[in-house]
Structures are given as C-alpha cells and as structure tokens.
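Work out the full structure, taking the sequences as your base and the hints as a guide.
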Amino acid sequence: MLDLPLLLMQIAVILAAARLVGWLFRLMRQPQVMGEMIAGILLGPSLLGHVAPRISAAIFPTESLTHLNALSQVGLALFMFLVGLELEPKMLKSQGMLAVFTSHVSIVFPFFLGSSLALLLYPLLSTDSVTFLQFALFLGAAMSITAFPVLARILTERKLLNTRLGAVTIACAAVDDVTGWIILAVVVLIIRSGDSGLSIWLRLAAIAAYIAVMLFGVRRLLQRLETAFEERRALTHDAMALILVLVLASSLITEHLGIHALFGAFLMGVIMPKHSPFVHALNDKLNDAAVVLLLPLFFAFNGLRTSIGLVSGAASWLYTLLIVLIAILGKFGGSTLAARASGMPWREAASLGILMNTRGLMELVLLNIGLDIGAISPTLFTMLVLMALATTFMTSPFLDWIYFSRLVPREYPAPPDGEGETPLTIVE
Amino acid sequence: MKTIILYLLLAGAPILGIFGVLLLGANLQAPAAIHGAWTLTLEIPVQETCQSLSEWDGLPQLAIAQSGPHITIQLNDSAHALLIGTLVENNLTASGAPDYQLTATLDRSAEPDLLRGVLNAPQCFSPLPFTARLQASPRNAAGH
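Just so you know, the protein sequences line up as chains C and Z, in that order.
Its first residue numbered 1, the first sequence is counted upward by one per residue in our numbering.
Its first residue numbered 1, the second sequence is counted upward by one per residue in our numbering.
Think of the hints as simulated: they come from the structure by calculation, not from any bench.
Not close to chain Z: a few residues of chain C, all C-beta gaps over 12 Å, as computed: (1) 52; (2) 209; (3) 389.
Among the chain Z residues that face chain C by a calculated CB cut under 8 Å, a handful are: (4) 6; (5) 18; (6) 28; (7) 65; (8) 67; (9) 68.
All C-beta atoms in this analysis are idealised placements derived from N, C-alpha and C, irrespective of residue type, glycine included.
As structure tokens, this is what we get:
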C-alpha cells in the first residue's frame, strides 16, 4: 500500500542530497550528475545503512521501495527518450572515416576485453542460472557503453563541441550508445527468451514489425507534429501529451516484446524529427521533470541496491581493480589507438580516449537492467558500479591534464561565452 | 589500403577474438544457482530441542544471496542470524554469529530444488535436520 507521506519524504531527502553532493562535485570541476550518482550511493547501505541503520530503515523501508522504483523507472524512460532525441545521425556523417573507424574500434575492443574477462569472472561471480554466452555478452556490453549525455554536457561546459575533438567524440559516443543498446537488447532478449512460451524467432519477428511501424508509421506522424510546431512556433499541451503517450506506449510494447521498456523510450527519441527548435522545445518541457526531479530517484534506487560491503576481502577488491583496469584499457586504449591510427595527434587522440571512457549514468542504467534480469549478481553489480564511478570521475582531471593544460591554449583559443555552441543539455 | 589494414587489425581482430572467447568459454561451469527464498521444514519439532528460537517465529525461511560460490544466508529476515558460507559443487556449508552452523546438500533432481541438511543453532541442544524447498526458480528471480 502506498504510504504517501513516506514517499514525499523520500523524494525530498533524495533531491536535497542530490543537489548538495552535486554542488560539492561541481566545486571539484566534476559534472553535477557525478555528484548525484555518489549521493545515491551515500543514501544506500554503503553509507547511511551502515552508519545509521535505523534511520536508513525508517526513511527507506524495503516494502516502500516499489513505489520509489516505479517513479524512477518512469523518469528513466523520459530520460532515455531525451537521450534518443539528442542523437543526430548527421553527427557521424559529417565526421567521415575518423569517426566511423574510431567508434567501431571503441565498441569492439572493450567488448572483446570485457568478454575475455568473463572467462575469469564467470565461475567466480556468476551462477548457472545464466549461461557463459549471456554473461560474456553482458559484460562486453557493460565495458563498451559510453555516457553520451554526460559527455555532451562535459563538451558543452568545456566549450569543446565545435573543436575537432568535440565533434568526433560526440559522433563516436552517439554511435556507441546506439550500438551498446542494440547489443544489450539482444542480451536481454536471449536471457528472457526462456521466460515465456514465445519462441525467440517469433519475438524477433515481432520486434522487426515494431521497428518498421516506428520508422515508417510513427515517424511520419511525428513529422506532422513538427510541421504543426513550425506553423505555431509553440509546442501545445495536446502535442506534448501525444508525444508522452507515444513514449509510454513504445516502452510498454518493448517491455512486452522481452527487450526492456527503456528501449522503447530510447527508440522513440531516436526517430523524433531532429529539427533543432523542435528538439529544444521538447527538451525544455521535459528536461526539468526528468533530470532534476526523477533521475535522482533512479540514482537513489541504484544506490540502495549498491552495497560496497559485498565487495569484501582482498580477492574481491582485486577483481574490482581488474574490472576498472580492463574497462579503461578497452575504452581509453581502443579509442586512443583508433584515433591515432586515423591521423589524430597523440595528445588529441588520448583526450578522445579519456572522453570515450566516461560511462556515467548510462552504465548505471545498463547495470540495473542486468541486475533485474539476473545477468549479474549483486556483488558484480557493485563492482561494475564502482567501475562506472571511477571511469566517470577520472574524465575531468585527466582531460585537464592531457588536453587543456597543453593543447587548448595553443590550438583552440576559447570562443566568447556561448558563441557557436550547440547546447546539448540533457544532464547537468 | 593502409586504412583497410588498420581497420581489419583494430576492429576485425577483436571481433574474431570475441568469437574465440565465446567458443572457449562455452564449456565453463559456474556454481549451481541457489539464490532466492527457501521454505524450511524441520524434521523434528523445534520446541523439543530448542529453548527459544525467536528467528523462527512463523514459517521458517532461508533467504539466500549468492555471488558465484559465495553464499549469504538470512534466517527469517533476522539480522541476528546471518550466515556466510560457500557452495562447492552441491555441498553448502555456512556459519555465522552467534554460533549458527549449516551444512546441506543440494538436490537438483527434485522439482523445485531441495536442500537437505543440518542446522546448529545456539539455543538448541542438538542439531536440527531440515529440508528446504526453493520458492521461486533462480532463473525467474530478479537478481541473484
């Protein structure tokens, strides 16, 4: 049963913690979202539940988490829609071979290392409820994902979007995100295929039909909405409601098809018309609710599932360290090598590598799906969350060290505030 | 030509590597999945052997969390009865404060899975033989 006062208190506590820790992280030149992720962990069993178990149990009793989770999932669906909305296929085309080559390598190289790591971790941290194939594919996907929204924010804040580095990075991140989600959809489909009577081929056929309807039917409807928007220069409440209904319906369909609800929201965003004023109007309307109000709930729910105490003993910490190193080697190493091989100077290539290594909240989304479907254990979930935090945290200082302190003053004098920047503002 | 060679080297080779890894790992075995909620049936009445066992008020349950062979067992949601142990093949051993000890064998031929074993509890004069039945299949459970 819904305990409304408790839910309201939970939301207030989470928002206050998210803003406070986010502010502290902004002081350290970290993105706000990094602080919000940490705030979620601090509210969970890793800190609050450990030092003040009674307070933790009073604020977040287990039976109340269902409602918090439901709200956070709605927020996540809206957020994934915004991520899809910001993806622009032209980004990749305009960057040519360098972006195509780098993005492909930045996916397959970490994927290879991640699946290789599965050879070691499968007998140690998994069970026979998942097969090696499922485990290895999931670990590969977890290693190859890039946080497109966080990257977009970092590049905008650092005024890098209009540099070659920024343009190539954002194009590669967009490709990585789409590919990463397709891979994850396949993994979820394989794992969930045993849950219902539908054969995997029937599901694949239904998914193909759904994608065709989205691309050739719903897309046209959305183009009409865009035309109406251009005539009125405003997004009406009716149009907004229709878009939201379509987002939720698409999420519902993909959930029923056995690939998570979030894919439906993401695909809906991807097929939206990419005319800039329309995208900005939609973003303006949804951003605050999704990013300021609902996304911190997801971080808190993620934090409540993350128990650093599960990583106990030298061996567990050694595995965690290995996961972090393999993640960095795969993403940073693969992207840097590919960019260098494509003709980018070393320092710029390494900067691209460090940016692509940012996993941020997209990794958390992926990991929560993995935990939900039973692909990973809570212990491995915690280890991978630590990896996501480490790789996101290291981006800003390493970017300063590799790129800003040496290359920028010489090669890219900063433009005046806001000039020539395309605002990508999904997260702060 | 140089671009093609580089592409094959940096993108093609890892793809081949992924297939190699999947082939190599196909025969790997992970420990049996026992995570989930288990309902406990004692073979002798608890009142006969134990002074008081508040953890077992109501229907006795074991909540098992698992990461590979590492097992954490909670008796009836009691924070005071938390056992930590390992699963080696089908043999489960776990212990925890205050003086709880559990040994059991997993029977996967039964439907649903069964655990048969003995529990030593601090308030009991003799070991308690038990059978535990899995409430939900790990494959369908959310998480491990």
